[in-house]
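> Chain C is fixed; fit chains P, Z, S and X onto it per the hints.
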Amino acid sequence: MQLTSLNLNYAAIAPESIVSVAAVVIMLVDAFSKKGARKINAGITLVSLVLALIAVFGLNSAGRGSYFAGMIVVDPIRVFFSVTILIVSIAVTLLASQFLRDEALPPGEFFALILFATAGMLLLAGAGDLVTVFLGLEIASITTYVMAGYRRYDTRASESSLKYFLLGSFATAFLLYGMSLVYGATATTNLTAINQAIAEGKVQFPALLMIGAALMLVGFGFKIASAPFHLWTPDVYEGAPTIVTGFMGTAPKVAVFAAFLHTFAEGFNAGGVLGSQLHHVWVTAVAIIAALTMTVGNVVALSQKNIKRMLAYSSIAHAGYALVGFITSEAAPVAFYLLVYSLMSVGAFAVIQLLARAGDQKVETADYAGIGFQTPALSFALAIFLFSLAGIPPTAGFMSKFFIFKSAWDGAPTLRWLVIVAVINSIISVYYYLYPIVVMFFRPLAPGFVKPKVSAMTAAALILALVGTLYLGILPNRVMSAIGGSSRTAQIEQPIPSTDQITLK
Amino acid sequence: MVPLSWYLALSAVLFTIGVAGVLIQRNAIVLFMCIELMLNSVNLTLVAFSRFLGDVTGQLFVFIVMVVAAAEAAVGLAIIIALFRTRETLNVDEADLLKL
Amino acid sequence: MNLITITTFLPLLGAILLVLLSLRGSDDQKAANNLYRYATLAITLVTFLVSLVILARYDSSNATAQLVQKNPWIGSLGVYYHVGIDGLSIWLVILTTFLMPIAVLASWHVTKRVREYMLFMLILETGMIGVFVSLDMFLFYLFFEITLIPMYFLIGVWGGERRIYAAIKFFVYTVVGSLLMLVAIIAIYFYNGGTTFDIVEITNNIQTGKTLIPGNVQVWLWLAFALAFCIKVPLFPFHTWLPDAHVEAPTAGSIILAGVLLKMGTYGLMRFNLPFFPTVSQKAAPWMMGLAVIGIIYGALVAMVQPDMKKLVAYSSVSHLGFVVLGIFAFTDQGMQGALYQMLAHGISTGALFLGVGIVYDRRHTRQIADFGGIATPMPQYSTLFLIVALSSLGLPLLNGFIGEFLILLGTFASPVPHAKMFAVLAALGVILSAVYLLWMIQRVFFGEITKKENAELKDMDGREVLAMVPLVVLAIVMGVKPMTFLRGSEKTVTLVKEYVMGKPAKVAENHQDR
Amino acid sequence: MEQFAQIQVSHLFFLAFASLAVVAAFNVILQRNPIYSAIGLIVVMCSLAGLFLTLSAEFIAAIQIIVYAGAIMVLFVFVIMLLNIREEDAKADRQKYLKFLAVPLFLALIGVVMAALKTIGNPAASPNVPGTVENVAEGMFTNYLLPFEATSVLILMAIVGSMFLARRESAEDTNEIETALNAANQPTAVEESSEEEVHA
Amino acid sequence: MLKWITLAPLIGAVINGLFGKRLGEKVVGAIACGSVAVSAVLAFLSFSQLTHATPDANGVRRVTEHFFTWISVGNFQADFAYLLDPLSGIYILFITGVGLLIHIYAVGYMHGDPGFYRFFAYLNLFMFMMLTLVLGDNLLLLFVGWEGVGLCSYLLIGFFTKWNVAGDASKKAFIVNRIGDFGFMIATFLVFTTFGTISFVTKNIGGHEVASFLTQVSAPTIAAGGVLTAIALLLFVGATGKSAQIPLFVWLPDAMAGPTPVSALIHAATMVTAGVYLTARCSAVVVKSPTAMTVIAIIGAATAIFAATIGLAQNDIKKVLAYSTVSQLGYMFLACGVGAFAAGIFHVMTHAFFKALLFLGAGSVIHGAHDEQDMRKMGGFRKYMPFTFGTMFVGWLAISGFPPLSGFFSKDEILWKTWSTEALPTVAGFPLSKILWGIAALTALLTAIYMTRMMVMTFWGEERFGKSHGDDHGHASHGHDDHGHGHGKPHESGWLMVGPLVVLAVLSLVGGFVGVPAAMGGANHFEHFLEPVIAHAQPHGVAHAPAAGDAHGAAPAEQHAATTADPAAKVEEHHDTTTELALAGFSILLGLIGIGVGFAVFGKNPLKPMPKLLEDKYRIDELYDATVVHPIETVSREGLWKIVDVKIIDGVVNGAAKLFGGISGVLRYTQTGFARNYAAVILVGAIAIIGYFGYIALR
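Chains as they are written, first to last, in our numbering: chain C, 1 to 505; chain P, 1 to 100; chain Z, 1 to 515; chain S, 1 to 200; chain X, 1 to 699.
Hints may be right or wrong, so weigh each one.
As the list claims (entries may be wrong) - Only pairs whose alpha carbons sit at most 27 Å apart, straight line, appear in this in silico DSS-like list of lysine-lysine: (1) C:Lys451 - Z:Lys112; (2) C:Lys453 - C:Lys39; (3) P:Lys99 - X:Lys658; (4) Z:Lys482 - X:Lys3; (5) Z:Lys452 - X:Lys162; (6) Z:Lys112 - Z:Lys459; (7) Z:Lys459 - X:Lys21; (8) Z:Lys453 - X:Lys658.
Stated by the list, open to error - Pulled from the structure, derived: some chain Z residues nowhere near chain C, Cβ distances all over 12 Å: (9) Met1; (10) Leu13; (11) Leu21; (12) Val53; (13) Leu55; (14) Asn62; (15) Lys112; (16) Glu116; (17) Glu454; (18) Val481; (19) Lys492.
The hints are simulated quantities; they were obtained by calculation from the structure and are not laboratory data. Glycine is no exception: its CB is placed at the ideal position from the N, C-alpha and C atoms.
Bound-form chain C, shown alone:
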């Protein structure tokens, strides 16, 4: 056993390493510095995230392929999803300082947790093996369980945290069980090898593979909050501090989608009789889940009075839209969609974080009556994010939806009804996205309005989200062609590490 055959390439895990190291550094700094080292912490976090971003762009220098015995891969999906994750993390870090200061919450742990979560998500996005998928997922999930309960004094936060934790672990168990069955059926945990095994008819227990895939679908379905595994979302999103909601509504979902793509769109997208059977089954299932998810998300959002809950349902619906893109196994539309979704969602939550005031006191939509022209910049920003979420041009939300619909229409001729369902859902969604705008701009001012203070960092985060939303809505070409390379995921043409390297004789 030669170590070189493991293809150890530290450049391939540079982003994860940077972030993890930074997390440790923060813990040390926090331990050895006086209170109020928030600025240092935030600075370190930001710097490390930016460095990680650079490292992600540098991934290409490592070359496309899989490293560390196939545990991690470098491919456009990873690169693009990592970028998205890092952008969200950066934005949330920017937003966090004001949140932590305003609520006097300990900063060290928070930034460390952000970094740990980011590390986990980056690992998840680059996972090339079921074990890294599992591990990355767990790192990311467990971190977010903690973050959801970051306001320890707040019952709602604890409740949110507990629900998230219990149900998340419950779903993880399903995922894990699925993984074990897939492993048993294919005798490997490496995704590429799984693909090859299916394609070459080497699957010993086809039925177990199918059941395993189903269980994994349940696990992933939970993590991306798709119906009927979505029920935790509104409760958890509502109870968590808004900024955490913004974070966990986006980044983990993005990372899970990356793994989802790697496993299903690449791993379970193989040729052969079994392969096509499996592919057909999961695509159909995903299509049904997508339809259900969009519909439930949008319809229930209609009757929400709490803006955070409304956005939670909206995030469910958006997972549904992303799943529509998923059925073609084409990564580019999904990737673009999630980038856009992350930007606008983080943006929206950021504004709400400010408007809700410290301690999330004003989260009923009605609380925002008439503030439109009192704090125009924030209100218009929120309006733009909402329009984008609704998919109205010239915002990125439209562009991404268009990309999804287009790809689904072309890529899955038998599932075109799904595009229609998605469109009808978009129509329904317009109604509730307009509602906060109506309240903010068209209603008279509610008493007790306090103009939010906006720190420079918060402003920077908002600008990042806003500029991104508009830029991707008007000039998406650059970004789209950047991911265009991965538009059809390679199926078999990719060189796979020979099985004898990853299994011991």
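Positioned in the frame of chain C, the structure of chains P, Z, S and X alone reads:
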């Protein structure tokens, strides 16, 4: 040699018992234990496959699962403690502030 | 830099300028508001002037798109920034740029959030021009939707009492149609080979048979497009958003809504439905005509019994736009030219009607017909102008409304579409009814004794209002007396579109023999 | 009878541990006192360790006892004691229907999985016996190098997270939070939000 | 030159309309009258030019003038071009002539009105429109004038804007006219689709010479048929609107709410005869359809007698004249219906003279009586208003058909043509022509009676003015209250008003001599002059015979030589001379009887109550209200708006929204807040998915 399917069947039964436990139990800690039971049953599947395939990967996976379970236990129990502090109960049905 | 691009984005640039102006910060809110008003007026006027240059450069003997600019925009989607004008769009662009300064003048009394108001107006203008000049489906859709947002705010923020309901209704209705259209756009894109959204190219491909869309699919796609446009038009029975939107919108909003936004629907029908799906369009023609005729008569009848002036004018729009749809689906030169002309005429006259209603609303803060009566005495100038406008709207010869209505009816009467003669006759009833409701309103508002003392001391129009109203009235007369000036511009393209549906004349003759 | 003839000691071991595990598992989910549940779980884990031994996975069996039964379950019991949780109060179950629902769902799930398991037949075990410590160690530091390292991140994170959550909030902290919240929600004089111009 | 005939008044209108307020009455009056005078002079010059023009191959003299191409779309073309031929020639003469007189009169009549300038702007605009109507060389331009005069009529009826009655009347006039216009428009479409042109002259359309539709229709190959009948009837629908025939006559009496000069010019002399002009202009089409001819004749006769009976019972002097106008218009259509278009036009002209005279006279009376229109408050005005009385006396005799006044010749001509026509079918074996003649004759009698009643009530008998002082019956007072006259004794009007009366009286006296029929020793210049542009009716039933080769029946108007060239016709004409003279004598007798009866009945008892039904105008307005107006309004408001729009369409839309809201409201209860619940749902979903995958795998 005990057939593979026996192990798998036992694992499935244990997993399902764990699932049922999540529905039946009300105490957060017990719920959590049920989840641990589910994870454990998966370990059995993995080890069984590992043996029958003659492949150590399954066991390595189990190792990772154990670590994860440990981490999860640490955090999960912390969450439960935190909730208990604000709520004075571990009944998950009482934790229903967030709904509708 | 391309002239059309300049015209399209000039208002947007103006909007940015406005923002920059406001950054200066001023203690004097009043002066600042005035600055915004004048700046916006100047921007819209400049845009109008630039659009006149387009008109000057436009070659009416050429049926195809001119002054074209085509740049790759979103390569990965095959989307181009492709703009240009042809006979269908040239006058609509001019109409837009022409109505904008008037709308700005009509908004002088807006005191609430002037800067934002003007910003929305300018963004709206860019959107509207964009719709008409886009030669790429994607771009078209983009602009089509962009217009929603500023209009939504204009109604929602600066509207009347039930503005929220109206704004949401307006928005949701339009989105319902347009999103289905989006699906159709995607579908056509793929039937055309999945390389381009270019309208010109796709039209050519479909017309030359290079792109074949299965028959039943065509029907669905046609319906998707038609639904979007019929809602926008609005064709009966998709019209109920219109009265609400009009009644609640501020005056300028109504002017723009009636003057330009509704035209996007009829324009879309001519730009997409007819060239893309000639066969389906032919089959659908009797149905569309039927709906149009129902709309004409229905709109007129309901307009007749409205107690609110704006609502009356709104329902009259339903009726008038019914004529346009009728003309489009006549598939004759007269009908389609008439339809295009009616779009312009309706833009001018109905815009002026809304302006007129706005003028009294500014004074009395009511639009109920019953609250007026006899105001011809205190406001003779206003009454005269309003009367001319009303007459043009009811289709009096030598005013603009007549040309369009007459050509449409004539074209429909001469149309090869089944039952067209019957539809023409029924639609002509609408001409009678339009006289009924408009004159009834005129009589109840302007004539008779003054029953309310508030009305006795109404001030006649001031200079600004005259400035806004007179160009419309003059244009109404000019368009009625010298229609060829305008008709020549669209002649060639309209014939081309007709031939897209009916085939070249030789073919028509064959069809006739077949029948 | 043929089947019976094949019964070996390992079968007996399996059956013994398996029945123990199942009984204990039911004990976990049916007990009302958390401590009894915890004990049940420990029994399950130990039985599983036994089963691992029958699968020649000595290393895993060992850490199953050490980590799971030893560490994790102790933690559970510790928390149960710490929080002084006794039998569940007699309060009516607000979700009683779940108990009835659990049975059919249990049967359905197990039915589906069993149906699939029926198809696998009785494959011969591999001649390789991978469970030795050496095997595991070699795998751990070659193929599983990355996951192994990643677990360190996981554990570090778990430490940070659990310490943060479980730490009792001091009165000082609470005061500080209250002051901060009040300060943050005070109406501000004039602080023009410095952010972007929306329409730019 | 033709264009200046129309443009002169238009310029006057524009100047007066835009600057009139600042110009002062004198200047406004001068501009108005001056512009019409220019127009009139030019009209006379053009007319003489026309008489000297070389006739074309068909013997038609024409002067044409092309302004610009108004509308040209595809193969449809409508020019802004004028055509002067004998028919339009006669029309422009009396329009400008009578128009000028009325303008002059109105300067006096409208003196002091604050809307003076507005009035003359409208009036001048009317002249422009009316002249465009008659000069237009195609149906569409004719329609422009047609609608234009309607507009001016609308504006002028509603001139007293403060007066509700005027507003109602003006609106009614416009809308009722629109109903007629509907027919006109459809007819235009039919003409276009049938003939490919709507022009009265040959046009170059898209490089092809397209003969006028009148020429085309006269071609022997064109058989009479449904389309031609439809065109003719639809054109007649238009005519019934403009010329106040049954069933669209209701607007004309109400239109008397306008100032009296307006009634004289528009609602007696010119505009209302546009329908007759249209019918005569399109005579080539009309004669091709026996059905249409019959309908026109019957409607004309029916209107004549119907209106005459109502006229008997009216107390408002202008209303009497209004119904009289309707009745006389009925005559004209009767003439058209029997194929005597020339006679119809002749009556149009003479009617223009004497009815304008009567209206202006009535205006003078009203003016002199301080804006009193109710004849019950008049009487004995003879001595206060000698000139008015004298001139109206002439008008009275003229309309009563007293020879040799103008009315006699034209009316007599119509009666005779009705009697002698072959264009009408027989009803139950009895010739319809004779029935219609009977009706027409009876109408003549009634005309004499009600005109006598009017004269008696106004000029003879006891002086009833001032008696019911304070009893405010005079609805016109609202309109005229700006005049500021107090009530008192009637007085004669000023020379500005009397002058035109005198001129018109003279014209009424002698106007008939241009058309003295041959039977009475005249040459009937009028008819011969019109001959080339008027088509000949064919005997009823001929149309059913094979059209080809039947030169007599299908003689194209423009190709037809003068009637005298047709020997058969000549003989026929000669034969009937005796009958004609006898009938003329009878009609004179009728007139005298009528006058006699009038004096006998009303001489002593001018206030004799008349049948209520007649006084209420047969309650036609009420009937229309109840059967048409009210139902439409109610259905629109209660049905279409409040049910279809609000309940059904919005109901469906809002219902869909509510439905989703409802579903949403139900679905949100899945969000119980109980984690175990969620777990159960997850489990159900998981089982479903696993089951699906398993099912596929194990199938």
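> Are the hints correct? Go through all of them and say.
Taking the hints in turn, this is what the structure says about them:
Distance check on the hinted pair: Lys451 of chain C and Lys112 of chain Z sit about 20 Å apart at the alpha-carbon level, within 27 Å; holds. In summary, the hint linking Lys453 of chain C to Lys39 of chain C is supported, as the alpha carbons are separated by about 18 Å, within the 27 Å threshold. For the hint pairing Lys99 of chain P with Lys658 of chain X, the CA-to-CA distance comes to about 22 Å; that is within 27 Å, so the pair holds. Pair hint Lys482 of chain Z plus Lys3 of chain X holds up; C-alpha atoms about 16 Å apart against a cutoff of 27 Å.
Restraint check for Lys452 of chain Z and Lys162 of chain X: satisfied, since their Cα atoms lie roughly 13 Å apart, inside the 27 Å limit. With a CA separation close to 23 Å, the supplied pair Lys112 of chain Z and Lys459 of chain Z stays within the 27 Å bound. About 18 Å separates the Cα atoms of Lys459 of chain Z and Lys21 of chain X, which keeps this hinted pair within 27 Å; it holds. A distance of roughly 44 Å separates the Cα atoms of Lys453 of chain Z and Lys658 of chain X; the hinted pair therefore is violated under the 27 Å criterion.
No beta-carbon of chain C comes within 12 Å of the beta-carbon of Met1 of chain Z; the shortest separation is about 18 Å. No beta-carbon of chain C comes within 12 Å of the beta-carbon of Leu13 of chain Z; the shortest separation is about 15 Å. A cut-off of 12 Å between C-beta atoms confirms that Leu21 of chain Z is not in contact with chain C; the least separation is 15 Å. No beta-carbon of chain C comes within 12 Å of the beta-carbon of Val53 of chain Z; the shortest separation is about 26 Å.
With a closest Cβ-Cβ approach of about 27 Å to chain C, Leu55 of chain Z is found to remain outside the 12 Å limit, as its non-interface label requires. No Cβ of chain C comes within 12 Å of the Cβ of Asn62 of chain Z; the nearest lies about 31 Å off, and the non-interface call holds. With a cut of 12 Å on Cβ distances, Lys112 of chain Z falls inside the contact zone with chain C, its closest approach being about 8 Å. Under the 12 Å C-beta cut-off, the non-interface status given to Glu116 of chain Z relative to chain C is violated; the minimum distance is some 7 Å.
Remark: the non-interface label on Glu454 of chain Z is consistent with the geometry, its nearest Cβ contact in chain C lying 27 Å away (cut-off 12 Å). The claim that Val481 of chain Z is not at the interface with chain C holds, since no C-beta of that chain comes within 12 Å of its own (minimum 41 Å). Every Cβ of chain C is farther than 12 Å from the Cβ of Lys492 of chain Z; the closest lies at roughly 32 Å, confirming the non-interface assignment.
In this structure, the earlier hints numbered 8, 15, 16 are contradicted, and the remaining ones agree with it.
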